[in-house]
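Q: This is what each chain is made of:
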Amino acid sequence: MSGLVPLLATLPLLGAAVALIFGRRRRVQVGVSIITLTLVLAVAAVLLYDVHSTGIPLAVSVGGWPVPFGIVLYVDRLSALLVVVSSIVLLAVLLFSVGQGAADGDDETPVSIFHPSYLILAAGIFTAFIAGDLFNLYVGFEILLVASYVLITLGSTENRIRTGVVYIVVSLVSSILFLSAIAAIYGALGTVNMAQLSQRMTELPQDVQLVLHLMLLLAFSIKAAVFPLSFWLPDSYPTAPAPVTAVFAGLLTKVGVYAMIRTETQIFRDNDVNFLLLVVALATMIVGVLGAVAQAELKRILSFTLVSHIGYMVFGLAVATPAALGATIYYMVHHIVVQTTLFLAVGLVERRAGSTSILKVKGLMKAAPVIAVLYFLPAINLGGLPPFSGFIGKFALFEAAAQVGTPIMYVLIIGGIVTSLLTLYALMRAWNLSFWREDDDQLDDPGVPERISYLDGAPAAATQTERRVIPRIMTAATTGMVGVTLALTVFAGPLYDLCASIGDALQDPISLSELEGER
Amino acid sequence: MNVSLVLIVIMGALFAAGVYAMLERSLTRVLIGFLLLGNAANLFLLVVMGRPGVAPFFGSADSPEEMSDPLPQALTLTAIVITFAVSAFLLALIYRSWQLGQADTVHDDEADLAIRVRAAEDEDTMGDEISDTDDDATTDFVGLDTAPITVLHSRDFDALRDDAPTDSPTGPGEDGR
Numbered sequence: 001m002s003g004l005v006p007l008l009a010t011l012p013l014l015g016a017a018v019a020l021i022f023g024r025r026r027r028v029q030v031g032v033s034i035i036t037l038t039l040v041l042a043v044a045a046v047l048l049y050d051v052h053s054t055g056i057p058l059a060v061s062v063g064g065w066p067v068p069f070g071i072v073l074y075v076d077r078l079s080a081l082l083v084v085v086s087s088i089v090l091l092a093v094l095l096f097s098v099g100q101g102a103a104d105g106d107d108e109t110p111v112s113i114f115h116p117s118y119l120i121l122a123a124g125i126f127t128a129f130i131a132g133d134l135f136n137l138y139v140g141f142e143i144l145l146v147a148s149y150v151l152i153t154l155g156s157t158e159n160r161i162r163t164g165v166v167y168i169v170v171s172l173v174s175s176i177l178f179l180s181a182i183a184a185i186y187g188a189l190g191t192v193n194m195a196q197l198s199q200r201m202t203e204l205p206q207d208v209q210l211v212l213h214l215m216l217l218l219a220f221s222i223k224a225a226v227f228p229l230s231f232w233l234p235d236s237y238p239t240a241p242a243p244v245t246a247v248f249a250g251l252l253t254k255v256g257v258y259a260m261i262r263t264e265t266q267i268f269r270d271n272d273v274n275f276l277l278l279v280v281a282l283a284t285m286i287v288g289v290l291g292a293v294a295q296a297e298l299k300r301i302l303s304f305t306l307v308s309h310i311g312y313m314v315f316g317l318a319v320a321t322p323a324a325l326g327a328t329i330y331y332m333v334h335h336i337v338v339q340t341t342l343f344l345a346v347g348l349v350e351r352r353a354g355s356t357s358i359l360k361v362k363g364l365m366k367a368a369p370v371i372a373v374l375y376f377l378p379a380i381n382l383g384g385l386p387p388f389s390g391f392i393g394k395f396a397l398f399e400a401a402a403q404v405g406t407p408i409m410y411v412l413i414i415g416g417i418v419t420s421l422l423t424l425y426a427l428m429r430a431w432n433l434s435f436w437r438e439d440d441d442q443l444d445d446p447g448v449p450e451r452i453s454y455l456d457g458a459p460a461a462a463t464q465t466e467r468r469v470i471p472r473i474m475t476a477a478t479t480g481m482v483g484v485t486l487a488l489t490v491f492a493g494p495l496y497d498l499c500a501s502i503g504d505a506l507q508d509p510i511s512l513s514e515l516e517g518e519r
Numbered sequence: 001m002n003v004s005l006v007l008i009v010i011m012g013a014l015f016a017a018g019v020y021a022m023l024e025r026s027l028t029r030v031l032i033g034f035l036l037l038g039n040a041a042n043l044f045l046l047v048v049m050g051r052p053g054v055a056p057f058f059g060s061a062d063s064p065e066e067m068s069d070p071l072p073q074a075l076t077l078t079a080i081v082i083t084f085a086v087s088a089f090l091l092a093l094i095y096r097s098w099q100l101g102q103a104d105t106v107h108d109d110e111a112d113l114a115i116r117v118r119a120a121e122d123e124d125t126m127g128d129e130i131s132d133t134d135d136d137a138t139t140d141f142v143g144l145d146t147a148p149i150t151v152l153h154s155r156d157f158d159a160l161r162d163d164a165p166t167d168s169p170t171g172p173g174e175d176g177r
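Going down the list, the protein sequences come from chains Z and D.
For the first sequence, the residue numbers in the numbering used here are 1 to 519.
For the second sequence, the residue numbers in the numbering used here are 1 to 177.
Simulated from the structure, these hints should not be mistaken for lab results.
Please note: incorrect hints may appear among the correct ones.
As the list claims (entries may be wrong) - Covered stretches of chain Z (in silico footprint by chain D; criterion: 3 or more residues with CB under 8 angstroms from a CB of chain D, positions within the stretch not fixed):
no., segment
1, 137-150
2, 164-173
3, 177-189
4, 339-346
What the hints assert, rightly or not - Not close to chain Z: a few residues of chain D, all C-beta gaps over 12 angstroms, as computed:
no., residue
5, VAL9
6, ALA13
7, GLY33
8, ALA40
9, LEU46
10, PRO52
11, GLY53
12, SER60
13, ASP62
14, GLU66
15, PRO72
16, ILE82
17, SER87
18, ILE115
Said to hold, decoys possible - Some chain D residues near chain Z, calculated using beta-carbon distances under 8 angstroms:
no., residue
19, ASN2
20, PHE84
21, VAL86
Given the structure is predicted, the values throughout are model-derived calculations rather than measurements.
Here a beta-carbon is modelled for each residue, glycine too, at the ideal position from N, C-alpha and C.
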């Protein structure tokens with residue numbers, strides 16, 4: 001069974017190579033990408049089933065090097081679950097982009113570059129999730145980042161270059177930080193292997209541990225967009241093409257969160273910065289959502305809610321009990337799916353209405369009822385209304401925090417509830433203005449009413465595009481994703497059990513024998 | 001662990017110079033800063049390798065202690081390749097940025113600009129009651145070399161000129177901005 005593990009990284013890379021060769025033949029390229037990601041999804045599902053049913057993680061030593069020296073690929077329940085979820089998301093977004101590409105021609109998404117980069121991005125994400133040593137995690141990050149540089153500046157229009165530069169430079173800095181942290185850790189411990197790191201780290205003095213710990217956390221916080229290192233995200237995400245923004249929002253920040261989870265639970269087990277993380281989580285939630293409230297453009301609103309909801313995951317990580325970690329994993333899965341779905345729905349709105357400014361768009365409820373439903377369901381889900389998965393995740397998180405019961409936990413819980421309500425407010429205001437408002441309502445003149453006048457100076461949509469037809473496949477892909485969000489609610493029982501078992505398993509570090517064990 | 005002091009000093013200098021260059025507005029300087037930082041990190045990996053020894057091939061030394069540690073070398077090689085690929089991409093990005101006629105500078109975000117404009121407007125409408133305390137929010141150097149700080153108002157924004165050095169194309173008929 002462990003023979004399947006390397007396929008997660010190699011299949012997308014192989015697919016990217018083949019897709020590049022067929023750069024001039026769109027149909028072949030599309031076929032190759034879809035088949036590749038479907039195969040990866042199948043492999044990941046098999047791995048998740050195997051790991052979950054046996055309870056024993058899978059490990060592969062690449063190149064036959066004995067374990068502490070060579071590269072190890074490691075799949076436990078956490079890795080397998082995240083790989084399954086991200087391959088579902090990648091596949092749905094790919095279908096969405098295929099529909100968009102077929103309708104628009106090559107102007108918006110130059111297909112010959114898009115598909116190979118997209119598959120390389122997938123390879124990077126999977127590599128990061130299954131890395132058994134710190135350096136391989138770095139390589140996974142770099143693969144996905146380089147692919148994301150290409151995707152975020154796709155078509156290299158003036159706007160995308162301008163915002164892409166911010167994203168790229170910030171990512172470069174975080175990569176250098178990560179690399180320096182690896183060098184420092186290797187200097188201190190003489191290994192980059194996850195299992196050995198966790199064993200030897202305890203022998204270091206606490207202050208040395210703290211420096212190494214903060215270096216790693218800093219690098220990962222930039223990637224995960226944790227306040228105050230989140231400023232780059234709302235600037236750079238909204239201008240990219242809709243499918244690219246969707247997949248970035250869903251997955252890239254979560255890879256950072258995943259790395260933070262491994263850092264906290266695996267590498268620095270007896271070095272405690274949880275109080276710092278709690279404060280940072282609170283700031284991330286509140287500042288992020290206040291940003292969302294102040295925006296008048298759908299993609300920017302969503303980018304800010306993305307930042308604020310990263311705060312929930314950092315919160316769960318900082319509570320650090322098994323129950324809280326389980327809730328964090330569930331929330332992560334929920335957020336990957338829901339945030340991607342919302343960005344896809346907004347992509348549909350942009351095509352239908354020619355704009356994403358909630359002050360300009362109106363009357364969509366009557367004009368496009370399907371899009372309205374596709375926006376509304378994930379929106380109230382993200383806002384945390386029962387009975388959806390957002391509510392389950394937040395509730396589990398708050399319950400786990402309340403069990404710890406220190407005063408700061410209650411501060412965080414109140415902050416989380418406020419954030420949740422403000423998220424709902426920001427998304428429902430967009431709903432009221434863009435969907436509910438009748439076409440003949442005159443809001444613009446003689447002046448925006450007093451209540452939302454503060455939106456007047458908010459940055460408008462980056463580009464005003466013409467209205468375009470929506471191919472059925474785009475609607476279908478979005479509907480499929482909405483279906484997945486509902487499935488997270490319907491099958492919350494088994495999924496939550498799986499997440500809880502992951503939370504329990506994270507209490508014990510990965511041991512060397514687990515990394516050696518080939519089955 | 002024995003390490004060479006020279007390497008550490010060079011590494012520190014590279015880190016400092018790299019950070020300084022990366023803070024510039026011109027993308028070419030950012031690229032140079034990134035290259036310096038990348039090399040600094042690679043040197044860091046070499047520093048943690050410890051004492052140099054015999055090349056770590058099978059049979060080249062009697063005991064493993066005489067060999068140098070091969071793992072940091074492998075890590076450095078990988079990091080060099082990644083830095084190389086990224087700087088190639090950055091060069092393409094800089095060229096494209098230059099092609100689009102906005103020179104190769106990093107631009108302000110529109111949200112930041114909106115906030116700055118709004119802050120200046122607020123300052124105007126509020127009159128002079130806060131002008132003594134809140135000047136820093138919108139001060140910048142306007143005009144030529146006259147260093148004394150001038151308070152800006154919203155109507156001055158057309159005249160606002162950023163004096164950070166840029167490598168703009170200076171050919172005839174081509175205006176950098």
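Q: Each hint needs a verdict: does it hold in this structure or not?
A: Evaluated hints:
1. With 5 residues bearing a CB less than 8 angstroms from a CB of chain D, the segment 137-150 of chain Z meets the requirement of three and the coverage assertion stands.
2. Given as covered by chain D, the segment 164-173 of chain Z passes the check, having 7 residues with a CB less than 8 angstroms from a CB of that chain where 3 are the minimum.
3. Coverage of a stretch by a chain is defined here by at least three residues with a beta carbon nearer than 8 angstroms to that chain's beta carbons; for the segment 177-189 of chain Z and chain D the count is 7, and the condition holds.
4. Counting residues of the segment 339-346 of chain Z whose beta-carbon sits less than 8 angstroms from any beta-carbon of chain D gives 0, not enough to reach three: the coverage restraint is violated.
5. Every C-beta of chain Z lies more than 12 angstroms from that of VAL9 (chain D), the closest at about 16 angstroms, which supports listing it as non-interface.
6. Against the 12 angstroms criterion, ALA13 (chain D) stays outside the reach of chain Z, whose nearest CB is about 15 angstroms from its own CB.
7. Here GLY33 (chain D) does not stay apart from chain Z, with its beta-carbon only about 9 angstroms from theirs, under the 12 angstroms limit.
8. Interface exclusion of ALA40 (chain D) from chain Z breaks down, the closest Cβ pair being 8 angstroms apart, not more than 12 angstroms.
9. With 12 angstroms as the threshold on Cβ separation, the claim that LEU46 (chain D) sits away from chain Z is violated: the shortest Cβ distance comes to roughly 9 angstroms.
10. At roughly 15 angstroms from the closest C-beta of chain Z, the C-beta of PRO52 (chain D) stays outside 12 angstroms, upholding its exclusion from the interface.
11. Look at GLY53 (chain D): its CB is around 15 angstroms from the nearest CB on chain Z, clear of 12 angstroms, so calling it non-interface holds up.
12. Its beta-carbon lying about 17 angstroms from the closest one in chain Z, SER60 (chain D) satisfies the requirement of being farther than 12 angstroms from that chain.
13. Against the 12 angstroms criterion, ASP62 (chain D) stays outside the reach of chain Z, whose nearest CB is about 20 angstroms from its own CB.
14. Against the 12 angstroms criterion, GLU66 (chain D) stays outside the reach of chain Z, whose nearest CB is about 17 angstroms from its own CB.
15. The Cβ of PRO72 (chain D) sits about 6 angstroms from the closest Cβ of chain Z, inside the 12 angstroms cut-off, so the non-interface label is violated.
16. The beta carbon of ILE82 (chain D) is not kept farther than 12 angstroms from every beta carbon of chain Z, the shortest such distance being approximately 5 angstroms.
17. Distance check on SER87 (chain D): its Cβ comes as close as 10 angstroms (rounded) to a Cβ of chain Z, failing to clear the 12 angstroms threshold; non-interface status is violated.
18. Non-interface status of ILE115 (chain D) relative to chain Z is broken: a Cβ of that chain comes within 12 angstroms, the nearest being about 8 angstroms off.
19. Given the 8 angstroms rule on beta carbons, the hint for ASN2 (chain D) is violated: about 12 angstroms separates it from the nearest Cβ of chain Z.
20. About 11 angstroms separates the beta-carbon of PHE84 (chain D) from the nearest beta-carbon of chain Z, more than 8 angstroms, and the hint is not met.
21. Look at VAL86 (chain D): its Cβ gets to within about 6 angstroms of chain Z, closer than 8 angstroms, so that hint holds up.
In the structure shown, a violation is registered for the earlier hints numbered 4, 7, 8, 9, 15, 16, 17, 18, 19 and 20, in ascending order.
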